[in-house]
Every structure is written in C-alpha cells, then in structure tokens.
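Add chain B to chain A, keeping to what the hints say.
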Amino acid sequence: MKSLKIIKPNNDTLVAQLASLYLTFKGVLPKEIVEFDLSTLNFICPLLVLPLAAYIDETRSKTIGTEKHQSYLSTIKFPDGIDTVNSFQQQIQLDKNFVPISVLRKDSGTDREKLETQFIMMINKILGSIQGAQSSIYHPITELVTNIFDHSNQDKGYLFGQYYPTKKFLDICIVDCGRGLSKVYKEEKGLNYSDEESIEEVMRGNSTKPGKERGYGVRTSKRVVCEALGGEFILISGNTALISNKKRERMVSLPNFYWQGVVASYRIPQPSGPIDIYPYLE
Amino acid sequence: MENEAKTTIQVAIVLAKIVGSRDLADTLKEVILKAKTRLVNLDFSEVDFISRSAAHELLLIKEDLNRKILNKKEVNFINTKHDVTEMIRVVAANKAVPKNRPTFKAEKININSLTKESQTCPC
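Top line first, the protein sequences correspond to chains A and B. Under numbering that gives the first Met the number 0, the residues of the first sequence are numbered 0 to 281, in order. Under numbering that gives the first Met the number 0, the residues of the second sequence are numbered 0 to 122, in order.
None of these hints come from the bench; they were simulated from the model. Cβ atoms here follow ideal geometry from the backbone N, Cα and C, with glycine treated the same way. Just to be clear, a hint being listed does not mean it is correct.
Here are the simulated lysine to aspartate or glutamate pairs, DMTMM-like style, with alpha carbons at most 20 angstroms apart [to be verified]: (1) K113/A - E116/B; (2) K107/B - E196/A; (3) K104/B - E248/A; (4) K7/A - E116/B.
Some chain B residues well away from chain A (every beta-carbon gap over 12 angstroms; in silico) [said to hold, decoys possible]: (5) E3; (6) R37; (7) I68; (8) E73.
Pulled out of the complex, with its shape left as it was, chain A reads as follows (with noise of 0.2 angstroms):
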C-alpha cells in the first residue's frame, strides 16, 4: 500500500489549504487504497480534511500519525464522521464548540434533512447567532447539499465546518465521490465538457435539469459567501478548481490530480450584523 505524507499547509489560507490537498492526491489513482500519514501537519481544515475522510470512506484507505492531532480527530469523529441525529447530539453534548463530521444518506430521507438542520444551527450557534445573519450561514450549506442528492448520483454527501475564534473566520466543506460534473453534463445532456468547462457552465447557471428556473444553487452561494459576506469560494471536480473571491475569478488546472465528485469549501468571515443575501440571489 502506498504510503501518503499529507504536505503541511503553508499557511492558514484556503489557497494553502488547496495546494496541500493537490500536492497529496497528486499522483493518486482512482480508488487506489492508500495510507495517509498526519504526522506532519500541523494546522487541520476542513479542505483538507473532509476530502480525506470521504475518501477514506470510499476506499477503506488507512491513516497513520495521528497522535499529535488524537484529541481533535476524535472530537471531530475523523474519518468516519456521524451519520443520525442521535450520535450529533450526543457528539455535541461532549464538546459544545466543535461540530463533527456529518455523513448525509440519501436513503435517510427526512432524517438527513434533520440531521442537517443540526449541522447548520450548531455552527450558526457557535458563530453567535447574529440576528439578521443567520440565511447568510444557511443558504450556501443548504444549496451545496441539496446538489449532491440532485445531481452526484450518489448516495452519500459529507459535510464538515470549523470556526476560528481567534481569527474570527468559518471555514465550511461539502464533498461527494459522485460522478463529478463533466459527467453530469455527459450523461444529462450528450455534452463532452472538460471539467474546466463544466465548472464555467455550472458558474453560468446551464442547469442539465429542464426548466429555465434551475442552475442557481451554486452561483449563488459563490455570490452570497464572496459578494454578500466577503468570503472566499473553492469549487474542485476532476482536474480543476475555481477559487472566487469578491474581487476575481481563477480557474487552476491541477495536473495528475483528479478528484472524483465534487468539493466545495469556502471561508467567511464572521458576521457582525445582519446581511442581506436575497439581492444575490437572482
């Protein structure tokens, strides 16, 4: 089994953060077992984390030198995450500021949706419950999800946050191991887009869904976290990343890298009053 040191980030930026998850799964095949050795990381997010560990999930791959970090993946249930509403609960009860991994089933139904109203409202509650501030939390979780279900044919989607007390800012991951999106506008449409067009597509609003009232969700979720809260927005499928921020837009191709579904992670910084997203969204 080959063996996989995760590149410490450089710094605490999402960039550094993304730079680390490509310099680790460079070279990695699809679905290849592999162990990921933490032992030199120093600072866990959540972009690099939760690709992990639905990776992990997916693969049955292992970790080694984790000491250092035990305390933390423990608390954060790295790398199997929760998956009822139960085990969140009672995950929270043991340790109020940090919410766990949450692995959403398509087959739980109802109990998903509740399972990420937990989610949600704990980080909403850790970041302080600003009155006014709350849609600007719940809109891009809710619409990032919802897409896994729709569209990943996948049943599973994992989801993880983090907020930084001290730098006052929240880091959000949604990931799948779903069909990525080329293959949705394949399979949807008849249409042979390269995962850099498939991302434009998506940031365009062309929806394979029939209806001109789709396509919204992820756009607006990018306009919200940059446009309405000044954050920064990751969106990886396949060999390519978008990473948006208020005042541009990069695309980045990522040779010998290729993830198989979809990551989206964006930080905000913490709200300090109420916003209002509906401008942006369309």
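Here is chain B on its own, set in the frame of chain A:
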C-alpha cells in the same frame, strides 16, 4: 367557501426546521395528497429557513396540485417567518420574470502560480 374544511400540515415536523433539500419536497407532496380536504395549509411557523431550491420545488408542487383535475389541492403557505417569506418571494418573482444571469469569466492560472501563492504568508 370561507367555511370550507382545511388541513394544516406542520412543515417542520414532516421535514425539518431548515428545509434544504429539493428531493425531499416529494415527501411533503405525498402528505399533501393524503389530506382529505381540498384546501391544505403548509404551516411554516417552526421553519427557520428554506433553501432556494426547496422553495422552487414547493412552488412547483403548489402549481402542479392546483392544476390537477382529480384530487386537486389548493396549497397555501402560512405563518412564514421573514427568511421563508423572502425566499419564496424571490423565487416566485424570478419564476414570473427571470433576471438576466450574470456572465462568468475566470482568469486561467497554472499550478505553479497557485503553489507559489500558497507559500506567501498573508500576514
């Protein structure tokens, strides 16, 4: 007509306090269809938020059930909090008169510039 019987469904009990998923709107549709009355109120009093996708799906269901000839239902949204009201209004307005979607153009960068950027401390 004012005295016509109504069924009231508590959305938070059937779904959750945050209604996010489009695919679960069908669960609500099944409950509505089982109602013995033509008038059905969806009570959102315990719902804190509805996603744009779920709001869109509920509006489609409302239209669809109102068009039916057999087992026709008139669905009303009641006791909606501010965020639920706003979301339903935004989606309904866009259904009626869609806005032009913004253009999207991203700058292409290569992996070397990304890794270089990741080595720069923002502090």
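Here is what the structure says about each hint:
1. K113/A - E116/B: violated (40 angstroms)
2. K107/B - E196/A: Holds. K107/B to E196/A sits at ~12 angstroms (cutoff 20 angstroms).
3. K104/B - E248/A: Since the Cα atoms of K104/B and E248/A sit roughly 7 angstroms apart, the hinted pair holds (cutoff 20 angstroms).
4. K7/A - E116/B: Cα-Cα ~15 angstroms, so holds.
5. E3: holds (29 angstroms)
6. R37: holds (25 angstroms)
7. I68: holds (23 angstroms)
8. E73: holds (22 angstroms)
This entry does not satisfy hint 1, going by the numbered hints stated previously; all others are met.
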